[in-house]
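Colleague: Read off the chains here:
Protein chains: 2
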Amino acid sequence: MGRWEPNARGRLAKAALTLYAEQGFEQTTAAEIARSAGLTERTFFRHFADKREVLFYGSDSVLDLLVQAVAGAPPAAGPIDAVSAALQAVGAVIQETPEPARLRYAVVSVNQELRERELAKLAEFAAAMAAALRDRGVPELAASLAAETGTAVYRVTFARWIAGQAQLDLGDLPELLRESMAELGDVFTDRLLSFPAS
Amino acid sequence: MGRWEPNARGRLAKAALTLYAEQGFEQTTAAEIARSAGLTERTFFRHFADKREVLFYGSDSVLDLLVQAVAGAPPAAGPIDAVSAALQAVGAVIQETPEPARLRYAVVSVNQELRERELAKLAEFAAAMAAALRDRGVPELAASLAAETGTAVYRVTFARWIAGQAQLDLGDLPELLRESMAELGDVFTDRLLSFPAS
DNA sequence: CAGGACGATGTCTGCGGCTGTCATCACATA
DNA sequence: TATGTGATGACAGCCGCAGACATCGTCCTG
Numbered sequence: 001m002g003r004w005e006p007n008a009r010g011r012l013a014k015a016a017l018t019l020y021a022e023q024g025f026e027q028t029t030a031a032e033i034a035r036s037a038g039l040t041e042r043t044f045f046r047h048f049a050d051k052r053e054v055l056f057y058g059s060d061s062v063l064d065l066l067v068q069a070v071a072g073a074p075p076a077a078g079p080i081d082a083v084s085a086a087l088q089a090v091g092a093v094i095q096e097t098p099e100p101a102r103l104r105y106a107v108v109s110v111n112q113e114l115r116e117r118e119l120a121k122l123a124e125f126a127a128a129m130a131a132a133l134r135d136r137g138v139p140e141l142a143a144s145l146a147a148e149t150g151t152a153v154y155r156v157t158f159a160r161w162i163a164g165q166a167q168l169d170l171g172d173l174p175e176l177l178r179e180s181m182a183e184l185g186d187v188f189t190d191r192l193l194s195f196p197a198s
Numbered sequence: 001m002g003r004w005e006p007n008a009r010g011r012l013a014k015a016a017l018t019l020y021a022e023q024g025f026e027q028t029t030a031a032e033i034a035r036s037a038g039l040t041e042r043t044f045f046r047h048f049a050d051k052r053e054v055l056f057y058g059s060d061s062v063l064d065l066l067v068q069a070v071a072g073a074p075p076a077a078g079p080i081d082a083v084s085a086a087l088q089a090v091g092a093v094i095q096e097t098p099e100p101a102r103l104r105y106a107v108v109s110v111n112q113e114l115r116e117r118e119l120a121k122l123a124e125f126a127a128a129m130a131a132a133l134r135d136r137g138v139p140e141l142a143a144s145l146a147a148e149t150g151t152a153v154y155r156v157t158f159a160r161w162i163a164g165q166a167q168l169d170l171g172d173l174p175e176l177l178r179e180s181m182a183e184l185g186d187v188f189t190d191r192l193l194s195f196p197a198s
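Going line by line, the protein sequences match chains P and Z. Each residue of the first sequence is one higher than the one before, counting from 1 in the numbering used here. Each residue of the second sequence is one higher than the one before, counting from 1 in the numbering used here.
It is possible that some hints are incorrect.
Claimed, not checked - Just the calculated beta-carbon pair ranges, DEER-fashion:
{"id": "1", "chain 1": "Z", "residue 1": "Ala-131", "chain 2": "P", "residue 2": "Ser-36", "range": "37 to 43 angstroms"}
{"id": "2", "chain 1": "P", "residue 1": "Gln-167", "chain 2": "Z", "residue 2": "Glu-53", "range": "35 to 41 angstroms"}
{"id": "3", "chain 1": "Z", "residue 1": "Pro-98", "chain 2": "P", "residue 2": "Thr-40", "range": "47 to 53 angstroms"}
Said to hold, decoys possible - Covered stretches of chain P, as calculated for chain Z (at least 3 residues, CB under 8 angstroms):
{"id": "4", "stretch": "140-147"}
{"id": "5", "stretch": "174-184"}
Everything labelled a hint here was simulated from the structure, so no lab data went into it. All values derive from a computational prediction rather than experimental measurement. In this text, a Cβ means the ideal position worked out from N, Cα and C, and glycines have one as well.
Can you build the whole structure from these sequences, using the hints too?
Modeller: Have a look at this one:
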């Protein structure tokens, strides 16, 4: 055993999440994770660029999903609609298996370094969505604004969804995302009505 | 000399920015920065939590300015207007001395770790503005959305301002921020007109 | 003006994150 | 059976960062 056990990366990711959740991120050593997965510290760093990255194992596929959803939105849909649809698609996937998402969020949210990395990932998502919007013919500025705004809405809404789960009353994540988007639209609309010239 | 030279923190920040700009962030050692400021590595870490933080020396005052501006917005102003006013206030201050801002941006933008820290600072700004909006009576969700959207607009617009300066054609940062806000409002408005029920 | 009190700095020491380098192992393939 | 290839282990080392303690300047007090 030891060497050549399959799926080293996945084992490391799983062991890391468990240990981070049990004893905290800072209190967990890279060597400890590796040992827990039957591997070496050196091998850990071959699979993950750093100790944080292991918590963002599946983020590439999320990015792909976002880009596909933006590209696949109806031709008549505006940039905000395309972004909203992409966020809802991701929300639906996450909602399928909420437990790992909640555990991961619990670990990330209590640590500064991990929150930073999370923001960086969301920034990657925004950049990718902006590029996908430009491919749809959306002008540069509108594409960037819509994509960045989308991730902002996602941040706020996901946090509310998690908090809501804690009290077992809030439910459908895609619907929450839709509602938040609508709310932000209202915030802008109200402003335009009451301060048209500002 | 050496000990008791005034303004150790400021000297360290200045030396760090210079060295980071000259030879890159990763290639610069904390001990090197300290030596360049006539101090010790240990003293460097007494003044700054880590090697990145030294580049965000004045961020506390920016946060104060944002909060004050949000709180001081006209009572009738909506959340988006208050946030927009706060961003413009910061933009005006930054524009007063654009050189350090540009140099700092050049250093930060080429390094992953520094971009992450920048995003974390902006997230702090958003949280502070959201709190200031709640103090104005804005409901929780609208406050968070407006504040996060504001920092999203800032990110996009500041990058464009810097890029524009490179070609010496774009100018007033507060005005650019106002225009971006208006553009994002249009993106939402257009969407509401063409897809009222979505 | 002597004598602390106190905060800022220097020195020493050590852990952990992360990397380069090379040997070694499992497996596929000829 | 030999050999190539990619994944892993073993070893060494740098640097970020922190704890502990000595030392130095400044200021306050008697």
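Colleague: Take the hints in turn and mark each one as holding or not.
Modeller: Okay, the hints, checked on the actual structure:
A hinted range of 37 to 43 angstroms holds for the C-beta pair Z:Ala-131 and P:Ser-36, which are about 40 angstroms apart. A C-beta distance of roughly 36 angstroms is found between P:Gln-167 and Z:Glu-53, which places it inside the suggested range of 35 to 41 angstroms. At about 50 angstroms, the beta-carbon gap between Z:Pro-98 and P:Thr-40 stays in the expected band of 47 to 53 angstroms. Note: the stretch 140-147 of chain P has 5 residues with beta-carbon separation from chain Z under 8 angstroms; the three-residue rule is met and the coverage holds.
Given as covered by chain Z, the stretch 174-184 of chain P passes the check, having 3 residues with a CB less than 8 angstroms from a CB of that chain where 3 are the minimum.
Hint violations for this structure: none, all hints satisfied.
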